[in-house]
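Please model the complete structure; the sequences and the hints are all you need to start from.
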Amino acid sequence: MVRTLLETEGMPKINAPHIVGELAALHDAYERALAANDVPTLKSFFWDSPHVVRYGASEHLYGTDAVSRYREGHTPVFTHRQIVRREILTLGPDLASIMCELSQTVTGQQRHSRQSQTWCRFPEAGWKIVSAHVSQTTPPADTSLGWETYVSEAAAALGLPLHPGHRPGVIQNLQRAANLAGPLLALNLPLDADLAPIFTP
Amino acid sequence: MNFDPSMASAGEIAAAVREQRITARAVTEATLERIAATHASLNAFTTVTAQRARLEAMAVDACIAAGRDPGPLAGVPHAVKNLFDLAGIVTVAGSKINRAHPPAKEDATAVERLRRAGAICVGALNMGEYAYDFVTDNAHDGPTRNPRDLARSAGGSSGGCGAAVAAGLVPIALGTDTNGSIRVPSSFCGIWGLKPTYGRLSRGGTFPFVASLDHIGPFARTVADLAAAYDAMQGPDPRDPACTLRPVEPASARLNEGLGELRVAQLGGYFEKNCPPQAHSAVAAVASVLRAGFTRHVELPQVAEARAAAFIITAIEAGHLHLDRLRTQAADFDPGIRDRFLAGALMPGAWYVQAQKFRSWYRAQVAEIFRHVDILLAPATPVPATLLGQETMTIEGVEMPVRPNLGLYTQPISFIGLPVVAAPVHPAGPQPIGVQLIAAPWNETALLRAARILEASGVCSAPVARLAA
Chain Y
134 MVRTLLETEG MPKINAPHIV GELAALHDAY ERALAANDVP TLKSFFWDSP
184 HVVRYGASEH LYGTDAVSRY REGHTPVFTH RQIVRREILT LGPDLASIMC
234 ELSQTVTGQQ RHSRQSQTWC RFPEAGWKIV SAHVSQTTPP ADTSLGWETY
284 VSEAAAALGL PLHPGHRPGV IQNLQRAANL AGPLLALNLP LDADLAPIFT
334 P
Chain Z
1273 MNFDPSMASA GEIAAAVREQ RITARAVTEA TLERIAATHA SLNAFTTVTA
1323 QRARLEAMAV DACIAAGRDP GPLAGVPHAV KNLFDLAGIV TVAGSKINRA
1373 HPPAKEDATA VERLRRAGAI CVGALNMGEY AYDFVTDNAH DGPTRNPRDL
1423 ARSAGGSSGG CGAAVAAGLV PIALGTDTNG SIRVPSSFCG IWGLKPTYGR
1473 LSRGGTFPFV ASLDHIGPFA RTVADLAAAY DAMQGPDPRD PACTLRPVEP
1523 ASARLNEGLG ELRVAQLGGY FEKNCPPQAH SAVAAVASVL RAGFTRHVEL
1573 PQVAEARAAA FIITAIEAGH LHLDRLRTQA ADFDPGIRDR FLAGALMPGA
1623 WYVQAQKFRS WYRAQVAEIF RHVDILLAPA TPVPATLLGQ ETMTIEGVEM
1673 PVRPNLGLYT QPISFIGLPV VAAPVHPAGP QPIGVQLIAA PWNETALLRA
1723 ARILEASGVC SAPVARLAA
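Residue numbers (the working numbering), protein chains in the order written: chain Y, 134 to 334; chain Z, 1273 to 1741.
Errors might be hidden in some of the hints.
[As the list claims (entries may be wrong)] If you want the footprint, here are the derived chain Z segments under chain Y, 3+ residues with CB under 8 Å: (1) 1465-1471; (2) 1594-1607; (3) 1677-1690.
[What the hints assert, rightly or not] If you want the ones that stay clear, here's a sample from chain Y, every Cβ over 12 Å from chain Z, calculated: (4) Ala149; (5) Asp198; (6) Leu235; (7) Glu257; (8) His266.
[To be verified] Some residues of chain Y that are not near chain Z, with every Cβ distance over 12 Å (derived): (9) Glu164; (10) Ala166; (11) Ala168; (12) Asn170; (13) Gly189; (14) Leu194; (15) Tyr203; (16) Val217; (17) Met232; (18) Arg244; (19) Gln248; (20) Gly302; (21) Asp327.
It should be emphasised that the hints constitute simulated quantities derived from the structure, not laboratory data. Glycine included, every Cβ here is placed at the ideal spot set by N, Cα and C.
Next up, the structure:
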């Protein structure tokens, strides 16, 4: 529906390949700057304006000054940051959004994060982020990323060859079992709850 | 000769044979004919053991002619889920892979005990592959169809058992139940099923699925037949390390003792919340008959976790059992089931240990509840028979996949080995549905007594399905 509307005459062209390429390169550079905690470069990606907005996992920053102060006073605490999925949408030559799911370890804990950015191309300044939002969930209950790696390595350890066609079903089943197992594993059982080697009802 | 074995109970057949109103051989021939005539529509049998059946029938007739007692099931035809060993037949357990196995050398213990009671084995019945299934939509042998509506599943994994008994092909069938595989087909096909206490009946000579949770048990159309088959199979057996050494406790002679002091309660909480209307009304109908024992509601603790633990123990033990086959023959598994085995093979050990520890804790909690009540009532399945090929069902507004969720109400019960009778309720609507009567371990007799009351009341029944010509 949206696509049809946007592609009618006079409407902006969506996902023109060269524009998508530009945004992908910019986003890659942004991620590199983030990993290096290169504060001047990070600041330069944001629109210099009192209207710029950045919501972090716990902070709400309005205007360039607030965003800059945050960058200068903040040391990133993530490791093993990896993009799980990146969706770039360009609407005409001057407007785009970049949406990412990321896997990372924050202060030692596995996190599944979401990053949303709205980009605008200005006549002099070029592409800038005009608003951004990141959020996190605790372990990847809604992604199969964890199981992708787990399945490969556990299968290898067991000497169990997995046909690529069987993998999605295996991961889906593990995910379903993990969802069921969650509350069971969270139970604090009494110490004397031993398993019986031969079970007598 | 006016005796139609397809409409008769095992008790009626045995009486007719013993009184020489009909020969076991004639019963067998009529049974073989009916199996052949209905096979194309039902697909309940995977092997018909005609020659064996004729030999066994002739032995029963010879025994009677000689004035000896052939046993309480004289001339009664029965059939078994195809994971029971039958001498001379390959035990396929619903799989393609096992077809390469050599034929079984001897009968499973349960089959041998039925033979000694005078029963005649007429064949092996279709099942979900390696019993990891609730619908018997078998990729290798085709789906078994529900005799009450051929578009519907007979339930699983003992689907052939449910169909064969409901269609009047045999009055008794033997199945297995790990998470609900007797109770789900009983519910879908509208017949009686007994999943005894874990360890009560020997699994000797059966192809396993989950050693910690596997049970065997009978299906029938009358409570007396259910009890007769159960009684014939009781007793210790060195072939099954889990089989109890307790003395046998025959139930048949005690069926008509009435409810007496038995205290009956309905399971609330998990078993009532979100329970679809037909399952709920069936439980209510059963409760109203057993009200003499004062019906009330009780709740079990952490039922969802019990189901999860059963799910995990199943996946991990089954994944391990089949690990070598998964390594070398993964492509030969039923595609509808294979990925569950693979996933089970890969699950973390910590899950398994927690599930087994939880089982000890949960068993103790439930034992406490049975100090105050003798029989608990719960639905057997959330819904009546689903359509063959149906992928999802909606339970109180939540859409969920059919196959893993038909055991919602059965898994938390068999998880700790409690005995259960699945009681068939045929409402005004087209599809029957089952109710679980659940007792403390080793109290099968209480369940069969209550079942007999339900049968006498007419609230529960298992008529032979009228098959469309």
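Outcome of the hint check:
1. 1465-1471: holds (count 3)
2. 1594-1607: holds (count 5)
3. 1677-1690: Check passed, 3 qualifying residues.
4. Ala149: Given that every Cβ of chain Z is farther than 12 Å from that of Y:Ala149, nearest at about 39 Å, it holds.
5. Asp198: holds (48 Å)
6. Leu235: holds (25 Å)
7. Glu257: holds (53 Å)
8. His266: Given that every Cβ of chain Z is farther than 12 Å from that of Y:His266, nearest at about 30 Å, it holds.
9. Glu164: holds (32 Å)
10. Ala166: holds (38 Å)
11. Ala168: Check passes; 31 Å lies beyond 12 Å.
12. Asn170: About 35 Å separates Y:Asn170 from the closest Cβ of chain Z, which puts it past 12 Å; holds.
13. Gly189: holds (34 Å)
14. Leu194: holds (40 Å)
15. Tyr203: About 39 Å separates Y:Tyr203 from the closest Cβ of chain Z, which puts it past 12 Å; holds.
16. Val217: holds (21 Å)
17. Met232: holds (27 Å)
18. Arg244: holds (20 Å)
19. Gln248: holds (30 Å)
20. Gly302: Violated, since 3 Å does not exceed 12 Å.
21. Asp327: violated (6 Å)
Figure legend: structure checked against the earlier numbered hints; hints not met, in rising order: 20, 21.
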